[in-house]
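Asker: As a plain string of letters, each chain reads:
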Amino acid sequence: MNNDLIKQHGLTLEEYGVINDYLKRELTIEELGIFSAMWNEHCCYKTSKKWLKKLPTTNDIVIQGPGENAGVIDIEDNDAIAFKIESHNHPSYIEPFNGSATGVGGILRDIFTMGARPIATLNSIRFGELSNFKTKYLVNAVVKGIGHYGNCIGIPNIGGECEFDSSYNYNNLVNAMAIGHVQKDAIFYSKPKTLGALIVYIGSKTGKDGIHGASMASDVFSEDDEDSKRPSVQVGDPFMEKLLMEGCLELMDAKLIESMQDMGAAGITSSSVEMASKGNLGVEINLDKIPLREPLSAYEILLSESQERMLAVILEENNEKVKNILKKWQIDYEVIGKITDTKRVIFQSKDKIVVDLPVDIIVDSAPEYDRPFNLPLKRKDKEFDLSKLNLEKCLNNILKNINYSHKSWVFDQYDSTVMGNTINEPGLSSGIVKIHNSSKAIGATTDCNPLYIRINPEKGMCLTVCESYRNLIASNLKPMAITNNLNFASPLDQNIMGELVLSINGLKETALYFDTPIVSGNVSLYNQTNDEPIKPTPVIGCVGYNSNYKKIISNSFQKKDQQILMIGNILSPKNSPYFLQDQLGLTEISAFNDICDPDFELEKKHKNFLFDSFDDNLIESCNDISKGGIMHSLIKMIKNELGFSIKIENELDLFVECTAGYIVVISTDNYQKLLDKAESLEVNIRNLGMVTTKGFEINQSKLNFNSIYDKYLNTFSDKINN
Amino acid sequence: MPLSSAVITFPGSNCDRDAQTYLELITGQVPHKIWHNDQIIPKVDIIIIPGGFSFGDYLRSGAMASKSPIIKEVLKHSERGGYVLGICNGFQILTEIGLLSGALNRNVKLKFIAKNCHIKKNNENFFNKKIQNDKILSIPVAHNEGSYYNSEEGLKSLEDNEQVAFLYCDKDGNSNNESNINGSLNHIAGITNKEKNVLGLMPHPERAFQDFHQSQDGQLILESLIS
Numbered sequence: 002m003n004n005d006l007i008k009q010h011g012l013t014l015e016e017y018g019v020i021n022d023y024l025k026r027e028l029t030i031e032e033l034g035i036f037s038a039m040w041n042e043h044c045c046y047k048t049s050k051k052w053l054k055k056l057p058t059t060n061d062i063v064i065q066g067p068g069e070n071a072g073v074i075d076i077e078d079n080d081a082i083a084f085k086i087e088s089h090n091h092p093s094y095i096e097p098f099n100g101s102a103t104g105v106g107g108i109l110r111d112i113f114t115m116g117a118r119p120i121a122t123l124n125s126i127r128f129g130e131l132s133n134f135k136t137k138y139l140v141n142a143v144v145k146g147i148g149h150y151g152n153c154i155g156i157p158n159i160g161g162e163c164e165f166d167s168s169y170n171y172n173n174l175v176n177a178m179a180i181g182h183v184q185k186d187a188i189f190y191s192k193p194k195t196l197g198a199l200i201v202y203i204g205s206k207t208g209k210d211g212i213h214g215a216s217m218a219s220d221v222f223s224e225d226d227e228d229s230k231r232p233s234v235q236v237g238d239p240f241m242e243k244l245l246m247e248g249c250l251e252l253m254d255a256k257l258i259e260s261m262q263d264m265g266a267a268g269i270t271s272s273s274v275e276m277a278s279k280g281n282l283g284v285e286i287n288l289d290k291i292p293l294r295e296p297l298s299a300y301e302i303l304l305s306e307s308q309e310r311m312l313a314v315i316l317e318e319n320n321e322k323v324k325n326i327l328k329k330w331q332i333d334y335e336v337i338g339k340i341t342d343t344k345r346v347i348f349q350s351k352d353k354i355v356v357d358l359p360v361d362i363i364v365d366s367a368p369e370y371d372r373p374f375n376l377p378l379k380r381k382d383k384e385f386d387l388s389k390l391n392l393e394k395c396l397n398n399i400l401k402n403i404n405y406s407h408k409s410w411v412f413d414q415y416d417s418t419v420m421g422n423t424i425n426e427p428g429l430s431s432g433i434v435k436i437h438n439s440s441k442a443i444g445a446t447t448d449c450n451p452l453y454i455r456i457n458p459e460k461g462m463c464l465t466v467c468e469s470y471r472n473l474i475a476s477n478l479k480p481m482a483i484t485n486n487l488n489f490a491s492p493l494d495q496n497i498m499g500e501l502v503l504s505i506n507g508l509k510e511t512a513l514y515f516d517t518p519i520v521s522g523n524v525s526l527y528n529q530t531n532d533e534p535i536k537p538t539p540v541i542g543c544v545g546y547n548s549n550y551k552k553i554i555s556n557s558f559q560k561k562d563q564q565i566l567m568i569g570n571i572l573s574p575k576n577s578p579y580f581l582q583d584q585l586g587l588t589e590i591s592a593f594n595d596i597c598d599p600d601f602e603l604e605k606k607h608k609n610f611l612f613d614s615f616d617d618n619l620i621e622s623c624n625d626i627s628k629g630g631i632m633h634s635l636i637k638m639i640k641n642e643l644g645f646s647i648k649i650e651n652e653l654d655l656f657v658e659c660t661a662g663y664i665v666v667i668s669t670d671n672y673q674k675l676l677d678k679a680e681s682l683e684v685n686i687r688n689l690g691m692v693t694t695k696g697f698e699i700n701q702s703k704l705n706f707n708s709i710y711d712k713y714l715n716t717f718s719d720k721i722n723n
Numbered sequence: 004m005p006l007s008s009a010v011i012t013f014p015g016s017n018c019d020r021d022a023q024t025y026l027e028l029i030t031g032q033v034p035h036k037i038w039h040n041d042q043i044i045p046k047v048d049i050i051i052i053p054g055g056f057s058f059g060d061y062l063r064s065g066a067m068a069s070k071s072p073i074i075k076e077v078l079k080h081s082e083r084g085g086y087v088l089g090i091c092n093g094f095q096i097l098t099e100i101g102l103l104s105g106a107l108n109r110n111v112k113l114k115f116i117a118k119n120c121h122i123k124k125n126n127e128n129f130f131n132k133k134i135q136n137d138k139i140l141s142i143p144v145a146h147n148e149g150s151y152y153n154s155e156e157g158l159k160s161l162e163d164n165e166q167v168a169f170l171y172c173d174k175d176g177n178s179n180n181e182s183n184i185n186g187s188l189n190h191i192a193g194i195t196n197k198e199k200n201v202l203g204l205m206p207h208p209e210r211a212f213q214d215f216h217q218s219q220d221g222q223l224i225l226e227s228l229i230s
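Order-wise, the sequence lines are chains A and B. Residue 29 in the numbering used here sits at position 28 of the first sequence; the count goes up by one each step and never skips. Residue 135 in the numbering used here sits at position 132 of the second sequence; the count goes up by one each step and never skips.
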């Protein structure tokens, strides 16, 4: 085989050598395509596997950890929750509308493949600075794409993040998370069991879209690549996905399916190889049977990433029933092969065997690298001149910064109330939905603090995970388990490899301490263009639970004359990276001090204090404190013209970051009881002030409520529309 | 008097389950689930045509659904004087069938809108008779094509026959440019047929009736029918 051809398929000559040594023959072009698809980062995690293995993935509530289409956790009785986050970064830069739309489509298929009905989605999206020529176009198209797909299929979007930073100028990030509900005894897996069972193809016809999508997603971009790669972006059809979802759920409900696998990245190749590998069996597939949209070669069929397709294994006796249900939903269906005991993957095309490979060479011999990495440099503590900052300036810096603004411009384009079970809509500390016909509530949040992680990957990750817990705890949801989306630049750069290794380590420590296993995830590497790396962006998706939705605590002010308190450790300005960046304008990473140590004990103490106080009905509303400090948290709590009047000794304390920080609002009658409880649990409470009508008062200086709040609400649309 | 009901599902409907829950929890009766290819709807008091993207809305919204076999049953039911409620895509379908006059165009800002909006009662009918004239209802909308349009004569005829059921307004009840979220003619959020037994409504009352919803105003519509 020609060396150039091997390299074009994203394989190194060493990797090809491994295959050659094993098979002792040359590969067919179709087989080369299979290795290209299966041995890239996106499918086999060759750079990250060594480190991902260290993550805690089990405890009493985990029903399914990483390795399936989605992770599944137990939420008592016969109820379980399936969830996962996945990236569609590269396609969303090349063709933002379809790239982001199919990101939503892909993650929803991962959920209903498990037999779970999707109940919510979240999106973590990141763009370059607004002054970059492409940013506004990308924001418009990505948001439209996400909305188009999710709105049409009818799954509520309940939250996520939207951040702007120059490091994403040529690599915007689109991470989509989905959550589904399934009965514990009705979970489906991808592992086939029965020899001779039929392999069936369900869904859209196969076309040329997405060929080499998975290997594209593992490439470093150069700027002029954009146009030449566009045909690799898949095109989504949410209507077809809705039919596919209803059809598949009906098949599973009728117990007509033995196993199922979504045809996602690397299409039929990856789904059939994974099935064979999980079942320790073989598959034999006739490519002439695949429903096609246009004439395709065997090679193209194997690598197509056309959307809205499923591979299922069924018993022959169920064939007629399966056919009838799918006919009702007007979905293409074809028997394309069978399960064998050869432990080989065999594809035929036009009476010729084009692929005949042992499963273990594809899966078990997949490369795993231990890439060298650097530890971050130790930082010397620096002092900063804060003399030019005051309340007015700091407040103004927050109000005019799009990253702190209200994101309704985004969320108002997403249907957040379809399915009729939404409790917390997007924009609050976490999104919350009720389980249908049940009193159980599920909350979810996505979080990342790339600046923290760039400064100190390990500690930064610990703080990020703690923040995602607080987002849930503030609403009286118990953090249960995590899905992660590790977005990094090229791991061939030892500093970036260091960011990857250390942030996984931080995730491990935190998840172990708080017993929140990682049950699913995704890795997206090589997010850099023209040697411009993104900030490390390991996004955490955390799921929380409360068995009774009536116990959910609001994140907004409820009534005037209620008392505002805070708990948490207020950091000094020099140890608050976002404060330094957004108030003092620091940009060079070397200019920052190290970030503070995470304080797991304090986080835990505050969690216990809050859960205990929620149980005793002592708290009216609660919100977590993150970047933007106390002030930003208070602004987010404004609702129905209820504002605040507070006092604080040092006004800059309102803007710096905190650890284990929460705003707590209570009825004044409960003040003493809360103090007693705080004292018994050794929690320090700080009294800030009161909830007032249209109040925006700090240390007796009265600011204009309407103009401040309008600015907070409108900064996003003003900046995007102008 | 209990209210018996049916909900029609088209391929691409996505608020059918929500409509069933709405009917079941408020009327205490489980609605019949009807598939678009079914031939018969059992005799019921009200049929809901739910929201969603019937047939993907790849043609004009609701145009494909208006040709489904079940539509003749909807027509029969409405001729008998039975209630029909079309919500969102259901409203679009009712205009395509011709049971309601006018059309729903793309939102004036060309963006999908999902938010809580305010509406108020205009002309009285079976669906809003329990709602006080000065009551401002808070109900979510979620649509891409909700901008109500009609010809000048069509509009005049609607108003002459008192068929304008609900108007968009702000929280204080004023209808102005800002409160008219999708650019509908004359702030129209919902209309009836001449006989007033068929209502098309862009906002989603089935998302505003349970204790955890942001408002419970949606229940007033079904309660008006029950009384």
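Keep in mind that the hints were calculated from the coordinates and are not lab data. Values in this document were obtained by computation on a predicted structure and should not be read as measured data. Just so it is clear, CB atoms sit at the ideal spot from N, CA and C, and this is done for glycine as well. It is possible that part of the hints are untrue.
Said to hold, decoys possible - Here are the simulated lysine-lysine pairs, DSS-like style, with alpha carbons at most 27 angstroms apart:
id	chain 1	residue 1	chain 2	residue 2
1	B	K118	A	K720
2	A	K712	B	K75
3	A	K695	B	K199
4	A	K137	B	K75
5	A	K279	A	K25
6	A	K640	B	K36
7	A	K695	B	K138
8	B	K132	A	K401
9	A	K401	A	K379
10	A	K401	A	K192
11	B	K112	A	K137
12	B	K118	A	K560
13	B	K174	A	K561
14	A	K720	B	K132
15	B	K114	A	K408
16	B	K118	A	K408
17	A	K256	B	K36
18	B	K112	A	K401
19	A	K720	B	K138
20	B	K36	A	K329
21	A	K695	B	K174
22	B	K36	A	K328
23	B	K118	A	K551
24	A	K145	B	K114
25	A	K329	B	K75
26	B	K199	A	K135
27	B	K75	B	K199
28	A	K560	B	K174
29	B	K114	A	K640
Said to hold, decoys possible - Only part of the chain B face toward chain A is listed, based on derived beta-carbon distances under 10 angstroms:
id	residue
30	G15
31	R20
32	D21
33	T30
34	K114
35	K118
36	F129
37	Y152
38	E155
39	G186
40	Q213
Asker: Each of the hints needs a verdict: does it hold here or not?
Answerer: Structure-based check of all given hints:
no.	hint	in the structure
1	B:K118 with A:K720	21 angstroms, holds
2	A:K712 with B:K75	52 angstroms, violated
3	A:K695 with B:K199	43 angstroms, violated
4	A:K137 with B:K75	47 angstroms, violated
5	A:K279 with A:K25	26 angstroms, holds
6	A:K640 with B:K36	39 angstroms, violated
7	A:K695 with B:K138	24 angstroms, holds
8	B:K132 with A:K401	47 angstroms, violated
9	A:K401 with A:K379	34 angstroms, violated
10	A:K401 with A:K192	52 angstroms, violated
11	B:K112 with A:K137	17 angstroms, holds
12	B:K118 with A:K560	23 angstroms, holds
13	B:K174 with A:K561	20 angstroms, holds
14	A:K720 with B:K132	45 angstroms, violated
15	B:K114 with A:K408	15 angstroms, holds
16	B:K118 with A:K408	13 angstroms, holds
17	A:K256 with B:K36	22 angstroms, holds
18	B:K112 with A:K401	24 angstroms, holds
19	A:K720 with B:K138	36 angstroms, violated
20	B:K36 with A:K329	15 angstroms, holds
21	A:K695 with B:K174	17 angstroms, holds
22	B:K36 with A:K328	19 angstroms, holds
23	B:K118 with A:K551	23 angstroms, holds
24	A:K145 with B:K114	8 angstroms, holds
25	A:K329 with B:K75	20 angstroms, holds
26	B:K199 with A:K135	51 angstroms, violated
27	B:K75 with B:K199	19 angstroms, holds
28	A:K560 with B:K174	19 angstroms, holds
29	B:K114 with A:K640	25 angstroms, holds
30	G15	5 angstroms, holds
31	R20	7 angstroms, holds
32	D21	4 angstroms, holds
33	T30	16 angstroms, violated
34	K114	6 angstroms, holds
35	K118	5 angstroms, holds
36	F129	24 angstroms, violated
37	Y152	22 angstroms, violated
38	E155	32 angstroms, violated
39	G186	15 angstroms, violated
40	Q213	7 angstroms, holds
Hints 2, 3, 4, 6, 8, 9, 10, 14, 19, 26, 33, 36, 37, 38, 39 from the earlier list are contradicted by this structure; the remaining hints agree with it.
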